[in-house]
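A.B. asks: Chains as they are written, first to last, in this note's numbering: chain A, 1 to 115; chain B, 1 to 112.
Don't take every hint at face value.
Stated by the list, open to error - Each computed DSS-like pair below joins lysine-lysine, with the alpha-carbon atoms no more than 30 angstroms apart: (1) K94/B with K57/A; (2) K71/B with K71/A; (3) K104/B with K57/A; (4) K104/B with K71/B; (5) K68/B with K101/A; (6) K5/B with K101/A; (7) K38/B with K94/B; (8) K5/B with K83/A.
As the list claims (entries may be wrong) - Computed Cβ-Cβ distance ranges for the label pairs, DEER-style: (9) N84/A with S51/B: 14 to 24 angstroms; (10) T86/A with D55/B: 40 to 50 angstroms; (11) G40/A with E15/B: 25 to 35 angstroms; (12) G40/A with T26/B: 29 to 39 angstroms; (13) D55/B with N18/A: 45 to 55 angstroms; (14) T79/A with E15/B: 44 to 54 angstroms.
What the hints contain is simulated information worked out from the structure, not anything from laboratory work.
From the three backbone atoms N, C-alpha and C, an ideal C-beta is built for every residue, glycine too.
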Amino acid sequence: DGGITQSPKYLFRKEGQNVTLSCEQNLNHDAMYWYRQDPGQGLRLIYYSQIVNDFQKGDIAEGYSVSREKKESFPLTVTSAQKNPTAFYLCASSNPDELAKNIQYFGAGTRLSVL
Amino acid sequence: DQQVKQNSPSLSVQEGRISILNCDYTNSMFDYFLWYKKYPAEGPTFLISISSIKDKNEDGRFTVFLNKSAKHLSLHIVPSQPGDSAVYFCAASKGSNYKLTFGKGTLLTVNP
Chain A
1 DGGITQSPKY LFRKEGQNVT LSCEQNLNHD AMYWYRQDPG QGLRLIYYSQ IVNDFQKGDI
61 AEGYSVSREK KESFPLTVTS AQKNPTAFYL CASSNPDELA KNIQYFGAGT RLSVL
Chain B
1 DQQVKQNSPS LSVQEGRISI LNCDYTNSMF DYFLWYKKYP AEGPTFLISI SSIKDKNEDG
61 RFTVFLNKSA KHLSLHIVPS QPGDSAVYFC AASKGSNYKL TFGKGTLLTV NP
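Required output: the full structure, derived from the provided sequences and hints.
C.D. replies: Okay, structure coming up:
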């Protein structure tokens, strides 16, 4: 069945280490997104991609990088430059229509912690 | 600058009664609004949405009302069920912009 798969569910990062979070979708959606959620906070946009080989910074892109080489995949790398990486990371996808209805569908999330 | 605000961090209601969750926004360019439901350690799931050309949208037990002049929307759940207990996020978008702006969420607890 169709959906968005994020892996791993839990991830631990050592100081100075880069880690990559996986996001795969089989919904044939053009657009994909990465959000970060901190306790008591809403979802904040890190990066988004409207189409393959193109992506834009969101509101909190510093310390993160992405790639979009395939339509179904949008991995997020948390670099050592991100000084406060502990959070719940959510990937989403959508197919905005001509009426600008942008219903985004989410994966189950990855919880990243710093050792 | 928080453009979408959910001023009640939590709400508690009895099973069978109505739950009303509120959301205010400041950006008059927003023209599409969504509600998501989220359980702990899971991703949000889409509940219901409304376009700015409407003032009400209904889907089963869920109804969203939009008051553009007040820049306010609300989600009504009738009747409330214990399984509705979750965090509810309000989100908004404008035009062809792909970005959604989320509120901080309201934790709804429905007591049996």
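A.B. asks: If a hint holds in the structure, say so; if it doesn't, say that too.
C.D. replies: Status of the hints after comparison with the structure:
no., hint, result
1, K94/B with K57/A, "holds, 17 angstroms"
2, K71/B with K71/A, "violated, 36 angstroms"
3, K104/B with K57/A, "holds, 21 angstroms"
4, K104/B with K71/B, "holds, 17 angstroms"
5, K68/B with K101/A, "holds, 18 angstroms"
6, K5/B with K101/A, "holds, 21 angstroms"
7, K38/B with K94/B, "holds, 23 angstroms"
8, K5/B with K83/A, "holds, 27 angstroms"
9, N84/A with S51/B: 14 to 24 angstroms, "violated, 37 angstroms"
10, T86/A with D55/B: 40 to 50 angstroms, "holds, 41 angstroms"
11, G40/A with E15/B: 25 to 35 angstroms, "holds, 26 angstroms"
12, G40/A with T26/B: 29 to 39 angstroms, "violated, 20 angstroms"
13, D55/B with N18/A: 45 to 55 angstroms, "holds, 48 angstroms"
14, T79/A with E15/B: 44 to 54 angstroms, "holds, 47 angstroms"
Against the hints set out earlier in the document, violations occur for numbers 2, 9 and 12.
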